[in-house]
Amino acid sequence: MSRQTIPNPSDKHSGSKPGIVYSEMGEFDILGHYSRLLEEDPSKSMPIAAIESLCALCDGIEANTIHELLSTIQIGSDTLKEAVPNAISLTAGCDLFTKFITRHSHDDPRDFDTFKRKLQSNGHLFAQRARKARSIVAENGLKMVMNNPVIFVHGYSRCVMAVLLNAREEGRQFKVICTETRPSCQGLRTAKELRAAGISVAVIDDNAVTYAMNKATFALVGAEGTLTDASIINVMGTQNVALAARNIDRPFYVATETHKFVDMFPVDQYMIPVKQNVIVFDPEGVEGAMSQEGLAFVDYVDPKYITSFVTEIGLMSPTMVGDKIITTRLEG
Amino acid sequence: MSGENSRGPTADTAMGTAIKAFSTARTPLAVNSGAERKTPEETLPSSTSGSTKTPSATPETGKLSAKELKEKKKREKAERRQQAKSDTPAAAAAPQRPQKPQPPKKEAQGKGKRGIQPTAAHDSGIVKTIYSQQPSKVHTGGREQEAVPGARDKDLPGLMRELEIEQHEKKKKPGFGINNAHPDVHPAILTLGVQMNQFILVGSSARCLGFMLAMKRLINDYECPAGATISRHLPGHYFSRQIDYLISARPMSTALGNSIRWLKTEIAAVSPELSEEAAKKLLCEKIDVFIRERITAASEVIVNTTAARYINEGDTILTFSKSSVIEKSLLEAHSRGTNFKVLVADSSHLFEGKNLLATLVRAGVDVEYIKTTFVDHYMGGVTRVLLGAHSLQANGSLHSRAGCSKIARSASQKGIPVIICCESIKFSEKFTSGGIIGNEFGDTDIIAPDNNCDNGGIFGGWRNQPTTSLSSFMFDTTPAEYIKAVISEHGTLGPTNCPNVLRANSSSTPQRGPFTYSFLFNHHPLYSYHIRVDSSRGLDYF
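Protein chains in written order, with UniProt numbering: chain A, 1 to 332; chain B, 1 to 542.
It is worth saying that the hints were derived from the structure and are not from the lab. Check before you lean on any hint, since a few could be wrong.
Here are the simulated DMTMM-like pairs of lysine to aspartate or glutamate, each with C-alpha atoms no more than 25 Å apart in a straight line [said to hold, decoys possible]:
#, chain 1, residue 1, chain 2, residue 2
1, A, LYS275, B, GLU300
2, A, LYS304, B, ASP376
3, B, LYS406, A, ASP268
4, A, LYS192, A, GLU169
5, A, LYS116, A, ASP29
6, B, LYS430, A, GLU193
7, A, LYS304, B, GLU300
8, B, LYS414, A, GLU331
9, B, LYS406, A, ASP302
10, A, LYS275, A, ASP29
11, B, LYS354, B, GLU300
12, A, LYS275, B, GLU313
13, B, LYS341, A, GLU284
14, B, LYS414, A, ASP302
15, A, LYS99, B, GLU489
16, B, LYS286, A, GLU331
17, A, LYS81, B, GLU313
18, A, LYS143, A, GLU193
What the simulated footprint calls covered on chain A by chain B, stretch by stretch (three residues with Cβ under 8 Å from a Cβ of chain B suffice, anywhere in the stretch; the number is not a length) [said to hold, decoys possible]:
#, segment
19, 226-232
20, 260-274
21, 313-327
Using N, Cα and C, we set each Cβ at its ideal position, and we do this for glycine too.
Given only the sequences and the hints, what does the whole structure look like? Please build it.
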């Protein structure tokens, strides 16, 4: 990285705001762009929004050499990661994009304009493919919905929704048990959308997970990010579901796209790179549980509780997921 | 330090006559005995100093042709023999005697006796060969005869017997000893063999490093016979004689095997058009790069990762025996100002943990030394378990100092992450079912100290009982399911990802295009399925 040409984000101008990339080639509000993308299209997932924001950053900033471009992207993704409290799935997108650029930066260094154009078109292609990935996940997930199952769902996941709605369209008969997922009430959103599609849904209290698990055939959750050891990060309470499912031998499936695979290796739930105060002893002025400001708390599920991953490249065991992420790391 | 204290006199007893054979080797060996155990890096200067001194017996080695060298060695050997004979009453008998009347207290420290007592299981050939000039019965009353492999074979059950047979076969007929070494074996390799056999040089990476440095000297001294090329002649018989000698000293380790294979390939790849000098220079440079990349830099990367990410404020870290990488990680984390506590559980084999303990105490780390038996009791307060490795097998199981498996199981049952620090040079493409094949027999004295036997303790006279056998293995195998993460120079991996690294290392150019990938089922102990998944369907976005 040529740090001489572009100032380090740490030594910003006074009066700098978080989420804005400052460089000699101009400044760009990457956080603003990112949040706008997510607001405009609620079905867009975070890694894709991150990639599109980085694409826009490349467009918006006048880079004349590959070096400048690379360091701009680096600064852009660092800025974005810092500005967002839970940057796991966003990191996946940024890393994928950076890896792609680095890999192709040696292709044809003479013709920078062509390279940049190619890059931009590829960025859009990525977004397109990623959206398509979800429908392939839905197709692959169809095989699970057999013999009138009762599916246990937790939280709101676009992938899980895609699987369930696709199964409904294909005429499969099934019922869904869904938790409320307080305090964000993501489960209520899931239930509402499924009922609108004509699927019968039972909404249960978060505390009734173990009580209700006996009636379920399998559990299906989404993932905010899938990490190198094939553990997943998802909304708080997912580990409860995983443990309840393991306790009475119900399969625990995770529906996710491969662009949510992140190369991080925490060894337990306290090492995930998310700042959240779940356990605070004797806080002042708080009587109940800690309030969840901004994004909701996330949970970590150990790979040993996961039966398999439903992805656009097929059904993957946790070992395969780890293998895939490591292979990508060693290639890059 | 206990290590040096207990080693001091015994090194003398063991080396008593070895020194006769080694002439000047005494000083470097004594120096190494303290230094070699600490870190592989420290072996660099110390073993080079050791090795520069050794050839002073044959300073003109480099200039002689192979034939002349042979003759010269023969002559020297004859001289040594003569000298040894004249010295035996004084030098050999004297050091031998104090072993018996030693009080049991000293015996319990155990360390010094390693490899010196010719126990039945561990054929410590050096004793036999060193004293081979005189009848062995004279001093130990028939014990030496027990060490003959055939006599014990019938005692051992199943796989253990196979292991013993395997190890004896590997050691070849003559057994270990300087006098039994082929005349082609280079002095540097001779020294290395003795250091390994006497457990002066222990630890997988240290042995690997020692080998590489010795090979550098060998290559420098090597002279290619007329009409042959380096790339053809050097990796042939000449090379395998060195290796045979080393195997006779101690069974091969994975790291050593990997580096030997690498070196052979490199030598064979030397262009025949290069002049001998240029080829030797090239090889030495390559060895330097290898040492830097695979050992020195690799351990630095691991140390940095471990200290920065896996040792956190307020942690209680349990470690077992001693691993140089873990020692450095702990010291590094301490110097970064992290407050943590260390529990050191020790192996009863070489008590390497004491070494680690001493270093940590000197550095001012909060440390506690516990007995491995009580590990379960302490486990409640432990937040991380850090273990070193002898080798990491293809199915993700860990081959390490006996006792690791118990600790890893105990920790993973309580949900405490077990983290392995392991350079990729220790990754093996093989794996074994069970922990016996590929294991090594250690000293049975840790179970039944010889003094105890002689005084008629519970094991009194066990050697004469045809139905009694003691086995004390050096290593055990920890299944992958107990291991949470492996920190290597390629970043943090899952235990089953080691084949990926091997594959990536073997192919210099990364694969492109619609790649297929395979994975290893870790569920089945005997078979590895390689499942190929065609990922051309929508995986590669760009």
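Here is what the structure says about each hint:
1. LYS275(A) x GLU300(B): violated (29 Å)
2. LYS304(A) x ASP376(B): With Cα atoms ~23 Å apart, LYS304(A) and ASP376(B) stay inside 25 Å; holds.
3. LYS406(B) x ASP268(A): holds (21 Å)
4. LYS192(A) x GLU169(A): Roughly 17 Å separates the two Cα atoms, so the pair holds.
5. LYS116(A) x ASP29(A): holds (20 Å)
6. LYS430(B) x GLU193(A): violated (52 Å)
7. LYS304(A) x GLU300(B): violated (31 Å)
8. LYS414(B) x GLU331(A): Since the Cα atoms of LYS414(B) and GLU331(A) sit roughly 36 Å apart, the hinted pair is violated (cutoff 25 Å).
9. LYS406(B) x ASP302(A): holds (22 Å)
10. LYS275(A) x ASP29(A): Distance of about 23 Å is within 25 Å: holds.
11. LYS354(B) x GLU300(B): holds (23 Å)
12. LYS275(A) x GLU313(B): holds (16 Å)
13. LYS341(B) x GLU284(A): violated (31 Å)
14. LYS414(B) x ASP302(A): Since the Cα atoms of LYS414(B) and ASP302(A) sit roughly 14 Å apart, the hinted pair holds (cutoff 25 Å).
15. LYS99(A) x GLU489(B): Within the cut-off at roughly 19 Å; holds.
16. LYS286(B) x GLU331(A): holds (24 Å)
17. LYS81(A) x GLU313(B): holds (24 Å)
18. LYS143(A) x GLU193(A): Holds, at about 22 Å.
19. 226-232: holds (count 3)
20. 260-274: holds (count 5)
21. 313-327: Per the Cβ count (10), the hint holds.
Checked against the numbered hints listed earlier, the structure breaks hints 1, 6, 7, 8 and 13; every other hint is satisfied.
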